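Asks: These protein sequence lines map, in sequence, to chains A and B. Sequence positions in the first sequence follow the numbering used here and run 339 to 704. Sequence positions in the second sequence follow the numbering used here and run 339 to 704.
Hints listed in this document are in silico derivations from the structure and should not be mistaken for laboratory results. Here the structure is a predicted model, which is why all the values come from computation and not from measurement. Every residue gets a Cβ at the ideal spot worked out from N, C-alpha and C, and that includes glycine. You may find that some hints are simply not true.
Stated by the list, open to error - Computed Cβ-Cβ distance ranges for the label pairs, DEER-style:
#1 A563/A to E453/B: 49 to 55 Å
#2 G624/A to E401/B: 37 to 43 Å
#3 D570/A to D612/B: 32 to 38 Å
#4 E523/B to E401/A: 53 to 59 Å
#5 P342/A to K440/B: 42 to 48 Å
#6 P526/A to A422/B: 56 to 62 Å
#7 D570/B to A374/A: 43 to 49 Å
#8 R348/A to E453/B: 49 to 55 Å
#9 E401/A to S566/B: 34 to 40 Å
#10 R348/A to A422/B: 27 to 33 Å
#11 D612/B to A563/A: 45 to 51 Å
#12 G535/A to E467/B: 50 to 56 Å
#13 D570/A to D455/B: 32 to 38 Å
Said to hold, decoys possible - Taking lysine to aspartate or glutamate pairs in the DMTMM-like style, the calculated list, with each CA pair at most 25 Å apart, reads:
#14 K440/B to E473/B
#15 K440/B to E419/A
#16 K440/A to E640/A
#17 K440/A to D570/B
#18 K440/B to D570/A
#19 K440/B to D445/A
#20 K440/B to D623/B
#21 K440/A to E473/B
#22 K440/B to D515/B
To be verified - If we take Cβ atoms under 7 Å as the criterion, some of the chain B residues that face chain A in the derived model are:
#23 G408
#24 V414
#25 I441
#26 G443
#27 P551
#28 T575
#29 Y576
#30 R691
#31 R695
#32 L697
2 protein chains.
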Amino acid sequence: MSQPPISFARGAPAPELVPAAELAECAYAVAQRDGARVFAYGPGGGYGPLREWIAGQHDVGPERVVLTVGGLQGFVFYAAEQLARTPGRVLVEAPTYDRPLKILGRDGAEVVALEMDEEGLDPDALDAELRSRSERPSFLYTIPTFQNPTGSTLSADRRRRLAELVRSRRLPVLEDDPYGLVRFEGDPLPSVFELEGGVDVMYSSSFSKTIAPGLRVGYAIVPAALASELEDLVASTYITPALLSQATVYEFLRRGLFEANLERVRGLLRARRDAMLEALDRELDGRARWNRPEGGYFLWLELPDGTDAAELLARATEGGVTFVPGVDFGGQPNSMRLAFSFVSPAEIDEGVRRLARLLAATPAAV
Amino acid sequence: MSQPPISFARGAPAPELVPAAELAECAYAVAQRDGARVFAYGPGGGYGPLREWIAGQHDVGPERVVLTVGGLQGFVFYAAEQLARTPGRVLVEAPTYDRPLKILGRDGAEVVALEMDEEGLDPDALDAELRSRSERPSFLYTIPTFQNPTGSTLSADRRRRLAELVRSRRLPVLEDDPYGLVRFEGDPLPSVFELEGGVDVMYSSSFSKTIAPGLRVGYAIVPAALASELEDLVASTYITPALLSQATVYEFLRRGLFEANLERVRGLLRARRDAMLEALDRELDGRARWNRPEGGYFLWLELPDGTDAAELLARATEGGVTFVPGVDFGGQPNSMRLAFSFVSPAEIDEGVRRLARLLAATPAAV
Numbered sequence: 339m340s341q342p343p344i345s346f347a348r349g350a351p352a353p354e355l356v357p358a359a360e361l362a363e364c365a366y367a368v369a370q371r372d373g374a375r376v377f378a379y380g381p382g383g384g385y386g387p388l389r390e391w392i393a394g395q396h397d398v399g400p401e402r403v404v405l406t407v408g409g410l411q412g413f414v415f416y417a418a419e420q421l422a423r424t425p426g427r428v429l430v431e432a433p434t435y436d437r438p439l440k441i442l443g444r445d446g447a448e449v450v451a452l453e454m455d456e457e458g459l460d461p462d463a464l465d466a467e468l469r470s471r472s473e474r475p476s477f478l479y480t481i482p483t484f485q486n487p488t489g490s491t492l493s494a495d496r497r498r499r500l501a502e503l504v505r506s507r508r509l510p511v512l513e514d515d516p517y518g519l520v521r522f523e524g525d526p527l528p529s530v531f532e533l534e535g536g537v538d539v540m541y542s543s544s545f546s547k548t549i550a551p552g553l554r555v556g557y558a559i560v561p562a563a564l565a566s567e568l569e570d571l572v573a574s575t576y577i578t579p580a581l582l583s584q585a586t587v588y589e590f591l592r593r594g595l596f597e598a599n600l601e602r603v604r605g606l607l608r609a610r611r612d613a614m615l616e617a618l619d620r621e622l623d624g625r626a627r628w629n630r631p632e633g634g635y636f637l638w639l640e641l642p643d644g645t646d647a648a649e650l651l652a653r654a655t656e657g658g659v660t661f662v663p664g665v666d667f668g669g670q671p672n673s674m675r676l677a678f679s680f681v682s683p684a685e686i687d688e689g690v691r692r693l694a695r696l697l698a699a700t701p702a703a704v
Numbered sequence: 339m340s341q342p343p344i345s346f347a348r349g350a351p352a353p354e355l356v357p358a359a360e361l362a363e364c365a366y367a368v369a370q371r372d373g374a375r376v377f378a379y380g381p382g383g384g385y386g387p388l389r390e391w392i393a394g395q396h397d398v399g400p401e402r403v404v405l406t407v408g409g410l411q412g413f414v415f416y417a418a419e420q421l422a423r424t425p426g427r428v429l430v431e432a433p434t435y436d437r438p439l440k441i442l443g444r445d446g447a448e449v450v451a452l453e454m455d456e457e458g459l460d461p462d463a464l465d466a467e468l469r470s471r472s473e474r475p476s477f478l479y480t481i482p483t484f485q486n487p488t489g490s491t492l493s494a495d496r497r498r499r500l501a502e503l504v505r506s507r508r509l510p511v512l513e514d515d516p517y518g519l520v521r522f523e524g525d526p527l528p529s530v531f532e533l534e535g536g537v538d539v540m541y542s543s544s545f546s547k548t549i550a551p552g553l554r555v556g557y558a559i560v561p562a563a564l565a566s567e568l569e570d571l572v573a574s575t576y577i578t579p580a581l582l583s584q585a586t587v588y589e590f591l592r593r594g595l596f597e598a599n600l601e602r603v604r605g606l607l608r609a610r611r612d613a614m615l616e617a618l619d620r621e622l623d624g625r626a627r628w629n630r631p632e633g634g635y636f637l638w639l640e641l642p643d644g645t646d647a648a649e650l651l652a653r654a655t656e657g658g659v660t661f662v663p664g665v666d667f668g669g670q671p672n673s674m675r676l677a678f679s680f681v682s683p684a685e686i687d688e689g690v691r692r693l694a695r696l697l698a699a700t701p702a703a704v
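Please take these sequences and the hints and turn them into a complete structure.
Replies: What follows is the structure, given as structure tokens:
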């Protein structure tokens with residue numbers, strides 16, 4: 339094929355999702371108005387007015403808000419701090435976001451992966467794991483809403499049970515929630531952070547999915563007992579994060595552009611999710627299984643047992659479509675992550691057609 | 339005293355050194371023109387056009403330029419990578435910049451501090467250290483030009499000898515050079531990186547002192563053998579750095595504003611350095627020793643033996659002036675770092691007067 343492959347691999351927003359012209363105006367306004375602050379060193383926790391705005395949203399003091407260079411940087415800081423405080427195993431979902439797995443590998447942590455089902459992480463399985471060993475784990479990493487990579491969401495009942503368990507066990511948790519606001523339908527669920535009270539749960543999110551990823555504005559609501567040490571760690575890593583993009587995000591919020599943009603983003607992503615589900619229903623009914631996420635960037639597809647998604651990918655690239663095999667996230671060999679965020683509805687339709695064609699050409703599983 | 343103390347502690351530029359209005363124009367122009375790229379995920383090494391510009395300055399391929407969130411972040415990445423490759427002791431100058439010392443402590447590294455004299459690091463002392471142990475060190479960290487904290491500069495002859503030694507020993511080196519361009523007088527010296535050829539020397543610098551620190555645009559010229567691994571490490575830390583401020587720096591360069599701004603910055607800092615030297619000559623002649631740096635932000639002052647700078651600081655703060663005691667950088671108890679970068683020439687004059695007054699009230703050393 340001569341055309342570039344259609345990417346179900348890229349977990350990034352399509353260019354039209356990003357409000358570039360409005361951001362340019364915001365950057366200009368805030369740099370003119372607040373240049374002395376924006377272009378100087380500042381606190382390790384980032385641009386003050388944005389910290390205050392986020393603190394208000396989450397009903398905490400601004401000293402508990404740490405703005406990071408994207409959300410992943412928050413994971414890096416938290417993992418370093420938490421592994422130093424409480425060395426031990428790190429509990430993650432199976433499958434989970436691949437970059438944290440790589441970081442934990444670099445940190446030399448023992449990783450214990452907990453199987454999920456359709457409702458997400460199973461609190462009973464977590465409880466059993468905690469009872470199985472006398473040493474406390476260092477922390478639990480969870481993405482309860484529109485998870486990367488599966489798109490699955492922890493049910494309301496399980497959130498309450500998880501919060502209970504965390505509270506009774508004093509289990510440190512990093513709740514990563516970059517996709518929560520990108521909900522197309524259904525009612526929002528309370529975060530584990532809210533249910534637990536934020537004593538042992540650190541909540542992290544970012545503006546990558548709601549405004550623009552290149553701004554690299556992530557944030558964490560840090561447990562009070564961790565806040566000053568985490569800001570110290572930040573200061574002796576990069577002193578101050580890049581303030582201009584944090585100030586630009588603040589200006590975007592201050593002008594009241596956030597809600598309308600979020601509605602626009604939700605609509606554009608919903609159309610993509612719908613296009614993918616329609617094409618899958620049409621092309622792969624009975625030949626694979628997948629979920630129907632109510633938001634986010636991803637869905638999770640399982641091929642018949644014995645079909646190797648990584649092997650399929652090698653041919654798929656030639657066949658004009660790409661995706662990420664589930665094994666990259668610690669998932670089963672027959673699974674794959676399909677991102678509907680980056681390509682257009684028409685490309686999604688065509689991409690699923692290509693995927694179906696490739697699957698049809700795949701020898702039946704032994 | 340009711341007025342705030344005059345700060346010889348802050349190693350930051352005075353607000354008037356920062357070209358905030360021009361930066362606002364540059365941010366706007368580049369965000370409008372290049373928004374799709376600036377607000378999207380990009381390479382771990384940063385904004386392409388700026389990488390290419392820096393690569394041209396240093397005569398390397400752009401894949402060897404890694405833009406970081408300020409210069410210190412480059413140290414963090416290099417130390418992590420180098421300590422993983424070649425575990426062992428890290429050689430530093432005594433005294434040296436305090437933040438890297440803190441980072442090395444966090445990394446669990448053994449730190450060996452090499453005494454400096456007026457000409458900087460002594461290559462013979464380095465050679466003797468290398469011969470004294472059979473294990474290779476992990477790396478050497480050096481700030482050869484207008485060093486933080488001492489303001490001292492490695493002589494041309496010693497640079498050549500250091501480069502020779504590095505070449506013959508294949509000693510990994512991080513040459514940190516944030517102040518090199520901020521030279522008020524005298525001829526620029528070649529970097530160790532240039533003299534050695536950039537095989538085992540990583541060169542790092544930033545635009546914090548030449549444009550604005552809050553932009554957080556640092557960069558490293560990475561040895562070819564390290565480039566792809568370092569960019570991998572970056573990508574699994576924050577995926578992409580904040581691109582808007584990197585693009586703003588690029589636009590500032592593209593418009594030809596850099597040289598004129600640098601001249602302006604040099605002039606403002608030269609006036610501050612001169613004010614400090616004049617005041618010291620007038621107020622402290624015979625009662626302390628200090629150097630006369632040809633550039634940078636700092637000078638180094640030594641009190642009579644037995645005088646404790648940390649103890650003086652406690653009283654100095656009340657007395658309306660602050661500085662950083664030398665011990666914070668691994669220096670002697672009677673030494674201190676005086677930054678002339680942040681306050682005005684008039685404040686510098688008054689601050690030195692206050693320092694002299696305090697010193698006069700100090701009991702003679704035992």
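Asks: Honestly, which of those hints from before does the structure not fit?
Replies: Hints 1, 2, 4, 6, 7, 20, 21, 26, 30, 31, 32 are the ones this structure does not satisfy, whereas the remaining hints hold.
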